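Colleague: Protein chains in written order, with this note's numbering: chain A, 1 to 422; chain B, 1 to 382.
These are computed hints drawn from the structure, not numbers from a lab.
Here the structure is a predicted model, which means the values were calculated and not measured.
All C-beta atoms in this analysis are idealised placements derived from N, C-alpha and C, irrespective of residue type, glycine included.
You may find that some hints are simply not true.
To be verified - From the structure, some residues in chain B lie toward chain A, with a derived Cβ separation under 10 Å:
hint : residue
1    : Q24
2    : R25
3    : L41
What the hints assert, rightly or not - Negatives, chain B to chain A, calculated, CB over 10 Å:
hint : residue
4    : S16
5    : Q43
6    : G63
7    : V316
To be verified - Label pairs and their in silico Cβ distance ranges:
hint : chain 1 : residue 1 : chain 2 : residue 2 : range
8    : B       : M347      : A       : R41       : 36 to 44 Å
9    : B       : S224      : A       : L93       : 37 to 45 Å
10   : B       : A280      : A       : E98       : 49 to 57 Å
11   : A       : T222      : B       : R34       : 53 to 61 Å
12   : A       : L93       : B       : G223      : 38 to 46 Å
13   : B       : D301      : A       : L21       : 54 to 62 Å
14   : B       : G223      : A       : Q147      : 41 to 49 Å
15   : A       : R41       : B       : A280      : 43 to 51 Å
16   : B       : S224      : A       : A228      : 29 to 37 Å
17   : A       : Q147      : B       : L36       : 53 to 61 Å
18   : B       : L369      : A       : L118      : 52 to 60 Å
19   : A       : G150      : B       : D301      : 26 to 34 Å
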Amino acid sequence: MRDLVREALGWVGYLERSDVLLQLLTFVAAVLLMRRLLRPRIESMGLRRRWNNLLLAIAGPGLTLAFSLLLPTHRHAHGLLQFLAALWLGWNLLQLLELLLRHWLPQERVHQLFSRLLRPLYLLVATLALINKLDSISDLAVIPVGQLFGTSIELGKVFGSLLVIYLLLLGSGPPAAAMAWLAHRFLGISEGSRKALELILRYSVVGIGIMAIAFHVGFNATALLAIAGGLSVGLGFGVKEVFSNFVSGLWLLFEGSVRPGEVLMIDGDPCEVRKLGLRATLLWRDRDNAELLIPNQVFFTEAATTYTASDRMRRSQVSVGAAYHHDPSAVIALLEATALSVPRVLKQPAPKGLLLSYGDSAINYALRFWIANPMDNVGICSEVNQAIWTAFKQHGIEIPFPQQVQHIAASPGDQPDANLRR
Amino acid sequence: MLYVAVGVQDENNLSSENAALFRQRFSLLIRDFRRLHPNVLVQLSLYPEGQLRRHLQIRDRAGLGPDLVFTGGDSANSLLEAGLVDPMPETPELRQNSSPELLNRVRNRRGQVAGQPLILFPQLACYDKRQLQAPPTSLSGLLETSAAGVPVGLAMETRQLVWTAGAFGAIPGLTAAALGRQPTPLERAQIRSWFTWLQAASDQQRVTFMPSQTDLRHSLGRGSLAWVSCSSGELDLLRRKLGPHLGVSPLPNGTAHASSPVNRLRVLALGRNSSAAQRAMSLDLIRFSVGPLVQRGFTLDTLSFLPANPHVSIPVQSSSVLAAMVQARQQARGAEQLLADVHQDDMRLREVETEVMTPVLFGLLEPDLATERLIAILRRPQ
């Protein structure tokens, strides 16, 4: 690593050359001219937005290129200036492409594509191209950065491996999704299984890729076994939780109990599983639109209530009180009919009214009914409650307020009041 | 700051082993130079020789070219032709410290010198002492050795095989053809006998022709070959593999003629983008590098090459390797003219390789026809 830093610091020496300084100063001048002079003028021209963007994208690099064409006539090198102009143009065109793609693809997708892949890739290529002008990349690539299990690790291999892993993590998603979709389409697997299969395929590709990279770097089977041994010790101490969550996630995927789309009860609220990640599961809570990030091992080690294990139906219930003078059978029939009139209450299994208890002020009834989507429970309960109020009003059924009759008890030894006795 | 680009020969891709070796060797030179100029920093950039020109073009256009290029003599010639290095100023001091035949190898038609000769890597024979007690001293002995079951390796590249041509006295005929003249009947016969021997060698079960010198080195290091032609520049890498079992000797001669090893010349050429201070410092470094004391110390420290300065005395009694290298330099004198006329990247050489050498080694072309075809190709202008 010391060699690399020394090499990088050595590049400063190029500033000793007048040609290099001249090109850099010309570039800075072009950037300043663009910002201070050209940009305001282009923006004040009132062109359509598309043309305005295009002109802004090419004006600065074009100006730099024009300056560079003037240099050779005075016997000056100009390749660096043209290179910087090309980089500037490339960056601007990338931004234009992003704007263009937003017309056809979802904004979030475009943002991800550019922020995670295209822009980092562009910067990487640009940096390597610049280093290629300053130094020998093939020479830098063989700088040893250390020894691991008797294998000399070279900078180029480390860099290449990290790049491939990054691309694998990013790029394995779409092919895995396509394979899972094909399985869903032609083998008829469920939506939850499709998502599970997609994740498993993705992890497999990344795992195989990492193994291949390890062999490419020069680790032999013995070294890999040694790493595995070291990891097992590490797992026992430092990264136990991480590994535990990872394995729990894989297990849950295979088991199918916590897959994207499932609905689980978390702290009394139904939550939908959005994503089963390497470390944690992302759930969505309808009540307050919160997203919960819960470590995978929680689902693995603790009891969980699910509404979607064998089907997605949920039995729901509302409670209501009716006055004593109403016939309970009439009230129950009315409750059941009312539930059936609410659109989102399932007809089958049929709603069921129950007399639960005799309360202080009212007879307490329960109305149990089934709904198709457990996440809609609160909304449907509200609809049912409203329908009950309306139905009771129409049929003259009273929902009594709590009534309490208080008697003043006489204390021992008190004389009865003469007036009262009379 | 001085930027030095180094072309590494015989490698398509740099290996960390080779890069470390080059850096170590160069650091010997720089270490001493910095004692005189402590404020000068030197940054090396290693390139595979085949890619050197392309990279220099890219860097040169940007004004970021190296101040010095350490490369082969032929490569320096082509870089000068391409305008990627400046001609060397021929000061009496530099001329005095170079042998005229080496300077001729880097002089173009206009008389410009492409680079200052610095060191010479003689072509030698390397062998594994565990498999071969004593190296063959003649070409017939080499074939007898292989017939006795010792695996022998030769490179398929024409320049690497030219040493065998000298053993048959074929160099004058080849030089004549390269200069556009018709070889005499005797010279033709000598070229023909060279091809006949090559074909006989190729027919031997234990003689392997390998695509490159690097393959030969790896095979010797692995033990799959016991005798190969090698360059003294590879001795360090081979020593690491074979240790005390590495044997080094001059290449075998013919019955009437000495072999003609192709000794690789390495020169320091001047880059084109240097500032005035960098150019002055580059010339200082060149002057320092070709000084007799530095050259002698450099040679004895590494035991891998010979100095280009003819005034350096080599203590051949102290090392059999040095003795073999000095003998190789003497053997090579006859081929200097041919090497000066046919550079490594000469298009004729490539044509000879595909149209003559490969078919001969595969038994597809008879020696008579090969001789005529070779002469016809060499007589064409470059």
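Colleague: Against chain A, with CB atoms and a cut of 10 Å, does the hint on B/R25 hold up?
Modeller: Status violated, d = 15 Å.
Colleague: Within 54 to 62 Å or not, the Cβ separation of B/D301 and A/L21?
Modeller: 39 Å, violated
Colleague: Taking the CB of B/S224 and the CB of A/L93, does the distance hold inside 37 to 45 Å?
Modeller: Hint violated: Cβ distance 53 Å, outside 37 to 45 Å.
Colleague: Mind checking the CB of B/Q24 against every CB in chain A and telling me if the closest is under 10 Å?
Modeller: 13 Å, violated
Colleague: Return the status of the interface hint for B/L41: holds when the least beta-carbon distance to chain A is below 10 Å, violated otherwise.
Modeller: 6 Å, holds
Colleague: Has the hinted range 36 to 44 Å been met by the Cβ atoms of B/M347 and A/R41?
Modeller: 55 Å, violated
Colleague: Per the hint of 43 to 51 Å, is the separation of the Cβ atoms of A/R41 and B/A280 within bounds?
Modeller: 47 Å, holds
Colleague: Holds or violated: the 49 to 57 Å window for the beta-carbon distance between B/A280 and A/E98?
Modeller: Cβ of B/A280 to Cβ of A/E98: about 50 Å, so the range 49 to 57 Å holds.
Colleague: Using the beta carbons of B/G223 and A/Q147, state whether their distance is inside 41 to 49 Å or not.
Modeller: Taking Cβ atoms as reference, B/G223 and A/Q147 lie about 25 Å apart, which means the hint is violated.
Colleague: Taking the CB of A/G150 and the CB of B/D301, does the distance hold inside 26 to 34 Å?
Modeller: 29 Å, holds
Colleague: Just to be sure I understand the hint, the distance between the Cβ atoms of A/T222 and B/R34 should be within 53 to 61 Å; is that true here?
Modeller: Check failed, 43 Å falls outside 53 to 61 Å.
Colleague: 38 to 46 Å was suggested as the range; check whether the CB atoms of A/L93 and B/G223 agree with it.
Modeller: The hint (38 to 46 Å, Cβ to Cβ) is violated, given that A/L93 and B/G223 are roughly 56 Å apart.
Comparing the model with each numbered hint stated earlier shows that hints 1, 2, 4, 5, 6, 8, 9, 11, 12, 13, 14, 17 do not hold.
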